[in-house]
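A.B. asks: Now for the letters of each chain:
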Amino acid sequence: MSTGIGARVRRKEDRRFITGKGRYTDDIRNDNQAYAAFVRSPHAHAAVKGIDKAAAEAMEGVIAVLDGHQLTGDGIGNIITGWAITSRDGSPMNIGAWSALATDRVRYVGDAVAVVIAESPALARTAAEAVAVDYEPLAAVAQPVAALASGAPQVHDNVPGNLVFDWEIGDEARADAGLAAAAHVTEVEISNNRLAPNAIEPRSAIAIHDEAEDHYTLYTTSQNPHVARLVLSAFYNVAPEHKLRVIAPDVGGGFGSKIYIYPEEITCLWAAMKTGRSVKWTAERSEAFMTDAHGRDHVTRARMGFDKNGRITAFKVDTIANLGAYVSLFATATPTYLYGTLLSGQYDIPAIYGTVKAVNTNTVPVDAYRGAGRPEATYLIERTMDIAAREMGMDPAELRRINFIKAFPYQTQVLLNYDSGDFPALLDMAQKAADTAGFAQRKAEAAARGKLRGIGYSTFIEACGLAPSAAAGSLGAGVGLWESAEVRVNPVGTVEVLTGCHSHGQSHETTFAQLVSDRFGIPIENISIVHGDTDKVQFGMGTYGSRSGPVGMSAVMRALDKVEAKVRKIVAHQLEASEDDIEIVAGEARVAGTDRKMAWHEIGLAAYTAHNLPADMEPGLKEGAFFDPVNFSFPSGCFICEVEVDPETGVTEIVRFVSADDFGTIINPMVVEGQVHGGVTQGIGQALLEQVVYDESGQLLTGSYMDYCMPRADDVPSYAIAHGCTPSPNNPLGIKGCGEAGAIGAPPAVINAIADAIGTDDISMPATPQKVWEALHRARPAVAAE
Amino acid sequence: MDMSGEYRLDLPRAQVWEALNDPDVLRACIPGCEELEQTSDTTMTAVVVQKIGPVKARFSGEVELVNIEAPSGYTIQGEGKGGVAGFAKGAADVRLVEDGDGTLLSYEARAQIGGKLAQLGSRLINSTAKKLANAFFENFRTHLSGRAGKSDA
Chain Z
1 MSTGIGARVR
11 RKEDRRFITG
21 KGRYTDDIRN
31 DNQAYAAFVR
41 SPHAHAAVKG
51 IDKAAAEAME
61 GVIAVLDGHQ
71 LTGDGIGNII
81 TGWAITSRDG
91 SPMNIGAWSA
101 LATDRVRYVG
111 DAVAVVIAES
121 PALARTAAEA
131 VAVDYEPLAA
141 VAQPVAALAS
151 GAPQVHDNVP
161 GNLVFDWEIG
171 DEARADAGLA
181 AAAHVTEVEI
191 SNNRLAPNAI
201 EPRSAIAIHD
211 EAEDHYTLYT
221 TSQNPHVARL
231 VLSAFYNVAP
241 EHKLRVIAPD
251 VGGGFGSKIY
261 IYPEEITCLW
271 AAMKTGRSVK
281 WTAERSEAFM
291 TDAHGRDHVT
301 RARMGFDKNG
311 RITAFKVDTI
321 ANLGAYVSLF
331 ATATPTYLYG
341 TLLSGQYDIP
351 AIYGTVKAVN
361 TNTVPVDAYR
371 GAGRPEATYL
381 IERTMDIAAR
391 EMGMDPAELR
401 RINFIKAFPY
411 QTQVLLNYDS
421 GDFPALLDMA
431 QKAADTAGFA
441 QRKAEAAARG
451 KLRGIGYSTF
461 IEACGLAPSA
471 AAGSLGAGVG
481 LWESAEVRVN
491 PVGTVEVLTG
501 CHSHGQSHET
511 TFAQLVSDRF
521 GIPIENISIV
531 HGDTDKVQFG
541 MGTYGSRSGP
551 VGMSAVMRAL
561 DKVEAKVRKI
571 VAHQLEASED
581 DIEIVAGEAR
591 VAGTDRKMAW
601 HEIGLAAYTA
611 HNLPADMEPG
621 LKEGAFFDPV
631 NFSFPSGCFI
641 CEVEVDPETG
651 VTEIVRFVSA
661 DDFGTIINPM
671 VVEGQVHGGV
681 TQGIGQALLE
691 QVVYDESGQL
701 LTGSYMDYCM
711 PRADDVPSYA
721 IAHGCTPSPN
731 NPLGIKGCGE
741 AGAIGAPPAV
751 INAIADAIGT
761 DDISMPATPQ
771 KVWEALHRAR
781 PAVAAE
Chain E
1 MDMSGEYRLD
11 LPRAQVWEAL
21 NDPDVLRACI
31 PGCEELEQTS
41 DTTMTAVVVQ
51 KIGPVKARFS
61 GEVELVNIEA
71 PSGYTIQGEG
81 KGGVAGFAKG
91 AADVRLVEDG
101 DGTLLSYEAR
111 AQIGGKLAQL
121 GSRLINSTAK
131 KLANAFFENF
141 RTHLSGRAGK
151 SDA
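Those protein sequence lines, which keep their order, are chains Z and E. The first sequence begins at 1 in our numbering and counts up one residue at a time. The second sequence begins at 1 in our numbering and counts up one residue at a time.
Please keep in mind that the hints were generated in silico from the structure rather than gathered at the bench. All C-beta atoms, glycine included, are put in the ideal place defined by N, C-alpha and C. Treat the hints loosely; a few may be bogus.
As the list claims (entries may be wrong) - Subject to a maximum C-alpha distance of 30 Å in a straight line, what follows is the list of computed DSSO-like cross-link-like pairs (lysine-lysine):
1. E:Lys89 - Z:Lys49
2. Z:Lys49 - Z:Lys274
3. Z:Lys49 - E:Lys56
4. E:Lys131 - E:Lys56
5. Z:Lys536 - Z:Lys569
6. Z:Lys21 - Z:Lys432
7. Z:Lys243 - Z:Lys274
8. Z:Lys308 - E:Lys51
9. E:Lys51 - Z:Lys49
10. Z:Lys274 - Z:Lys569
11. E:Lys130 - Z:Lys771
12. Z:Lys406 - Z:Lys308
13. Z:Lys432 - Z:Lys443
14. E:Lys51 - E:Lys89
15. Z:Lys308 - Z:Lys274
Stated by the list, open to error - Covered stretches of chain Z, going by a simulated chain E footprint (3 or more residues, C-beta under 8 Å):
16. 284-298
17. 689-703
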């Protein structure tokens, strides 16, 4: 069976995961292991008047109780944000200081003020309870709109009006003119519900300080260990980069929440130095709800204009984005360059203007979560399209079809240049798979059973493959977003691929190996993927934004090109043939048309024995490459969702869900389907079930799975998946990325289907049975009375 | 969270008022009260153990009587810190109105919770608070009727 590109290769990593042999951070123990527990604020906003550590320090087994004054006193730097945004008046953004341990003021429930290091996790937690913090509660604000109101409590003294920035994109005058000329204008007010990321493995860190070498090691649940090392060194002054090793071993899911360098990792490293002990911390699920960066939380008003034929004339958008109490690493990029730039969707929109006000509130920081900005843009556009179709009496699929971009490259009005796609083909494919022609009959049949059946579309585009470094830099990014790879062919012919990407559910150990197997025809068992360790891999930017395929694999391809070139030279030299005549097939290199050949292991051995190499050739067979994309990649798709709503109870059942995606080239269809299943399920979770709730005083009310509802197997249907393919012209594989599509495209498909079923757009996420029932009764008293 | 209630007690208003100001009576009637010490004419410190949903905590805090209008009512307010369980604070306006030879006691209470209590117990706090308020006034009534019995004897 082929193990090359396009093959359904079973995941190499599953053996250890399924048999419970995965090695996660919390599984690692050191001889001198001590444990950290954090003292966290129960108040959303309070002045810290004092911390009495005496009782905790006196407890047996307590090694140290450390606070924020000690941390800042030791020169540990404040936590940074990685992307500078300029407000529309030209002013820089306002950023409130964020210390890993709060000193004078706490700004959200869960903000850490001290850490206890003790001999066991239980002792540490008990001692943390004994730390008496004298809080003076202050007025708090949790909702983004309320935070902008005059007289609202101020989260940071140096962020007037809680406004971090007021950003714009597009051409306002042109958008106004387009709206003025429109035959119909659809106005929407839309909230994008706040989500908790819920990786199955909670965050964890182990910090070790080697006093002999003054060297630090950090094991941590990171999606990007090199970025963590860079930031910990350059900004938090924990240690210089060459004295700090960051290892992200097996990591159980990230969804963005493990990109950031959190207070806990910084504190553990510092505490390891202070105590001379290996310091370990693993979040409890309650801590995860309180402290993992949340996602989404937008409030948007928008207007879309249409001419008499249904062609869009303009789109004007005003969004308020909740950033939480502090500005996290990617928090400023998410609601701007990952949101505003997507406002054209799949449509040829001649005028677009958007503003985004980013605000501080007394809630945990909000940052990128699977899709990051693009789900918010997609939900806005796709809901607006459906509402407009209903208002104008048009078929929502038809309205989309007449507005689709049909020629590429396409320059949008919001910076991006789409390189490829075939949106009508995806819509056709999805409609066929969903049997939309038979929908009316199914609806009638459902009505006979007393159910309301509805159908909803979502035709979406993403910008993935983060990102062209120069473009990112010109827009304010603090880093380049290339990727690196190294391919090592060992003397016996086995191959190690080192990548700066990180796999925490993405199946890199399988799919990256498929590239090598495909290139040289060697067995996939003979190929290892090395990642997640700054001492092994030279540098890399990690995994997020569906970048491992388009960027990470491209770097591997470039390194493979170099290896292949050297192999050809070696074989041509040894077999006394021309390089151009060498064919590499099935683990052998042969001279075309002859029986002269070298087996793969013979080539490796020849490279390392160096007994007979071309005169100017260095020994060995190891090549590295960096790949910096020239553009984003643009995966696109069409989702069609069919629901049945029970008017008696408001319960929505998703009865069909079709995904027709264009991910460009697919390396392993099984892995891609898994990504689609997971992404769509998360999108359905956002649409129907999930919402983080803070009360007005900033108390987190959804702090456990009793109150935060995740999708379960019986909440989702069996998915039908189809693939179109317009290869990306901007990377060697033509790959576009598939990790986020489901979460980006699914929510509007579900809500559009519910709106179609109940005959009203007066419905918001999460569309719980209560909300659906109430919307139905508001809109259709007659139905309700039946 | 707001709640209110009304109870009729078969005792003259002056006696009810006296009991409402007696730390021993309060200690006996507050559900889960382990300690209650008077620190001044209008302030007390208290330790109360409570379980709200999955969170059980020992709250230590201060209780203060304000808006005192003897013998027709006061506002009792307090704040308890429950360590990692979070905090609870609240106030109740208590009114006493003569009703024949008995007394009509009414209250309006406001409570707020924070920290783990809010995260895990927010759905349960209304019913729990209602239950606690009922328990307090039931205890209070029982306690007073015991007294009434004694004075009759």
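A.B. asks: Each hint needs a verdict: does it hold in this structure or not?
C.D. replies: So, going through the hints one by one against the coordinates:
Distance restraint check for Lys89 (chain E) and Lys49 (chain Z): the Cα-Cα separation of roughly 19 Å lies within the 30 Å cut-off, and the hinted pair is therefore satisfied. Among the hinted pairs, Lys49 (chain Z) with Lys274 (chain Z) is consistent with the structure: their alpha-carbon atoms are about 24 Å apart, no more than 30 Å. For the suggested pair Lys49 (chain Z) and Lys56 (chain E), the alpha carbons sit about 27 Å apart, so the restraint of at most 30 Å is met. A C-alpha spacing of about 16 Å is found between Lys131 (chain E) and Lys56 (chain E), which places the hinted pair at or below 30 Å, so the restraint holds.
Between Lys536 (chain Z) and Lys569 (chain Z), the direct Cα distance comes to roughly 28 Å. Compliance with the 30 Å bound is thereby established for this hinted pair. Of the supplied pair hints, the one linking Lys21 (chain Z) and Lys432 (chain Z) is violated, its CA atoms being roughly 43 Å apart against a limit of 30 Å. Taking the CA atoms of Lys243 (chain Z) and Lys274 (chain Z), the gap is about 16 Å. The hint holds against a cut of 30 Å. For the proposed pair Lys308 (chain Z) and Lys51 (chain E), the alpha carbon gap of about 64 Å is over 30 Å, so the pair is violated.
Taken as a hint, the Lys51 (chain E) and Lys49 (chain Z) pair is honoured in the structure, with Cα atoms around 29 Å apart against an allowance of 30 Å. For the hint linking Lys274 (chain Z) to Lys569 (chain Z), the alpha-carbon distance of about 55 Å lies beyond 30 Å, and the restraint is violated. Distance restraint check for Lys130 (chain E) and Lys771 (chain Z): the Cα-Cα separation of roughly 27 Å lies within the 30 Å cut-off, and the hinted pair is therefore satisfied. Restraint check for Lys406 (chain Z) and Lys308 (chain Z): the C-alpha separation of about 20 Å stays at or below 30 Å, so the hint holds.
Only pairs whose Cα atoms come within 30 Å are accepted, and Lys432 (chain Z) paired with Lys443 (chain Z) is accepted, the gap being roughly 17 Å. In summary, the hint linking Lys51 (chain E) to Lys89 (chain E) is supported, as the alpha carbons are separated by about 15 Å, within the 30 Å threshold. This hinted pair does not check out: Lys308 (chain Z) and Lys274 (chain Z) have alpha carbons roughly 71 Å apart, beyond 30 Å. Coverage of a stretch by a chain is defined here by at least three residues with a beta carbon nearer than 8 Å to that chain's beta carbons; for the stretch 284-298 of chain Z and chain E the count is 3, and the condition holds.
Judged by the Cβ-Cβ criterion of 8 Å, the stretch 689-703 of chain Z is covered by chain E as claimed, because 7 of its residues qualify and three suffice.
The structure does not agree with the numbered hints 6, 8, 10, 15 stated previously, though it agrees with the rest.
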